[in-house]
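Participant: Kindly produce the complete structure, drawing on both the sequences and the hints.
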Amino acid sequence: MAIRILSDRKLVVLGASLLSATTIVMFSLHAAETRQPLSAGQHETRTPNNASVPGVVPEQATHAKYTGDPKSSQEAGSTTAPAVQPTDGRTPESKPGAAAQQGNSGAVKATKQVALTFDDGPDSKYTPMVLDILKQYEVKATFFVVGRQVVNHPDVLKRIHDEGHSIGNHSWDHANLTKLSPNQIQKEIKSTDEAIEKVIGSYSPMVRAPYGAVNAAIKRNLTSAGRELVNWTVDTQDWTGAASADMVELARKRTKNGGIILMHSFGGKNGKLDNTIEALPLMIEALKQDGYAFVTVPELGVKKE
Numbered sequence: 001m002a003i004r005i006l007s008d009r010k011l012v013v014l015g016a017s018l019l020s021a022t023t024i025v026m027f028s029l030h031a032a033e034t035r036q037p038l039s040a041g042q043h044e045t046r047t048p049n050n051a052s053v054p055g056v057v058p059e060q061a062t063h064a065k066y067t068g069d070p071k072s073s074q075e076a077g078s079t080t081a082p083a084v085q086p087t088d089g090r091t092p093e094s095k096p097g098a099a100a101q102q103g104n105s106g107a108v109k110a111t112k113q114v115a116l117t118f119d120d121g122p123d124s125k126y127t128p129m130v131l132d133i134l135k136q137y138e139v140k141a142t143f144f145v146v147g148r149q150v151v152n153h154p155d156v157l158k159r160i161h162d163e164g165h166s167i168g169n170h171s172w173d174h175a176n177l178t179k180l181s182p183n184q185i186q187k188e189i190k191s192t193d194e195a196i197e198k199v200i201g202s203y204s205p206m207v208r209a210p211y212g213a214v215n216a217a218i219k220r221n222l223t224s225a226g227r228e229l230v231n232w233t234v235d236t237q238d239w240t241g242a243a244s245a246d247m248v249e250l251a252r253k254r255t256k257n258g259g260i261i262l263m264h265s266f267g268g269k270n271g272k273l274d275n276t277i278e279a280l281p282l283m284i285e286a287l288k289q290d291g292y293a294f295v296t297v298p299e300l301g302v303k304k305e
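Residue numbering for the sequence shown follows full-length UniProt numbering, starting at 1 and increasing by one per position.
It is possible that some hints are incorrect.
To be verified - With a Cα cut of at most 27 Å, we get these calculated DSSO-like pairs of lysine-lysine: (1) Lys256 <-> Lys219; (2) Lys198 <-> Lys125; (3) Lys125 <-> Lys219; (4) Lys112 <-> Lys253; (5) Lys269 <-> Lys112; (6) Lys253 <-> Lys269; (7) Lys125 <-> Lys158; (8) Lys135 <-> Lys269; (9) Lys253 <-> Lys179.
Said to hold, decoys possible - Quick list of the computed label-pair ranges, beta carbon to beta carbon: (10) Glu249 <-> Lys272: 15 to 23 Å; (11) Arg252 <-> Met129: 34 to 42 Å; (12) Lys272 <-> Ala225: 32 to 40 Å.
If you're looking for bench data, these hints aren't it; they were derived computationally from the structure. All C-beta atoms in this analysis are idealised placements derived from N, C-alpha and C, irrespective of residue type, glycine included.
Facilitator: Laid out in structure tokens, this is it:
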């Protein structure tokens, strides 16, 4: 069995066998970033992972209150997830998502795979816009959702599921897991599992840690529980308010076969993701021209007939 490890924007493939749709295990190694807890009307700020700067380890953050400066934070009290019972023996749904489309007839033949991922939703504004674009281009993606947002927007989560996209766990309230106790981490993940399952009837084994922040103990505990840690290889920087053209250029330059692109469907600088919405169709068109087929994270490495 091959194990795929994702570290920041680097992808290392170990083993000789092709990954199955249910055994994609990706770890984030010290990819912590400074980012805000999410709630309705708030957005995130992060210190970007910068793999090109040797020795720079992004500062980790707990819950913080936005002050208007992306580089500053004011610590606030942690939001407590609903109490949950110990693991009840259920196993997460591990079926891969619907087959990704290969593009319109006459398009460049797809010879490589890439997965678009969207964090921090669902919400009632930007997530539906993202879904509309994905539907228009017949592209399937993966959404890493926050439990609190799921409770607030169950109809949008249902639409994500009904339209064939895959769904992963992004914690209950976007807490930095490295700052929590094992019991608190369990609540963050378990509560989100339950919120997702209540809406669509199942939950995925995929977990993306907020800020990409994990440590050895978190990796060990989650993977031993059958969870799949998923990070990213390309950060579009959409959360910084980057220009749409810059996002497209960055994605085109850094995307490799089997890559995972990080974007957002909620949050952003000053709570705005208009540039993400503008960039998304341009990015899809550009990467299709570069020979990429868009797949969900569980489908990465799965050969299409």
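Participant: Run every hint past the structure and note whether it holds.
Facilitator: To see whether the hints hold, each was checked on the structure:
{"no.": "1", "hint": "Lys256 <-> Lys219", "in the structure": "25 Å, holds"}
{"no.": "2", "hint": "Lys198 <-> Lys125", "in the structure": "22 Å, holds"}
{"no.": "3", "hint": "Lys125 <-> Lys219", "in the structure": "33 Å, violated"}
{"no.": "4", "hint": "Lys112 <-> Lys253", "in the structure": "15 Å, holds"}
{"no.": "5", "hint": "Lys269 <-> Lys112", "in the structure": "32 Å, violated"}
{"no.": "6", "hint": "Lys253 <-> Lys269", "in the structure": "23 Å, holds"}
{"no.": "7", "hint": "Lys125 <-> Lys158", "in the structure": "15 Å, holds"}
{"no.": "8", "hint": "Lys135 <-> Lys269", "in the structure": "26 Å, holds"}
{"no.": "9", "hint": "Lys253 <-> Lys179", "in the structure": "34 Å, violated"}
{"no.": "10", "hint": "Glu249 <-> Lys272: 15 to 23 Å", "in the structure": "20 Å, holds"}
{"no.": "11", "hint": "Arg252 <-> Met129: 34 to 42 Å", "in the structure": "22 Å, violated"}
{"no.": "12", "hint": "Lys272 <-> Ala225: 32 to 40 Å", "in the structure": "36 Å, holds"}
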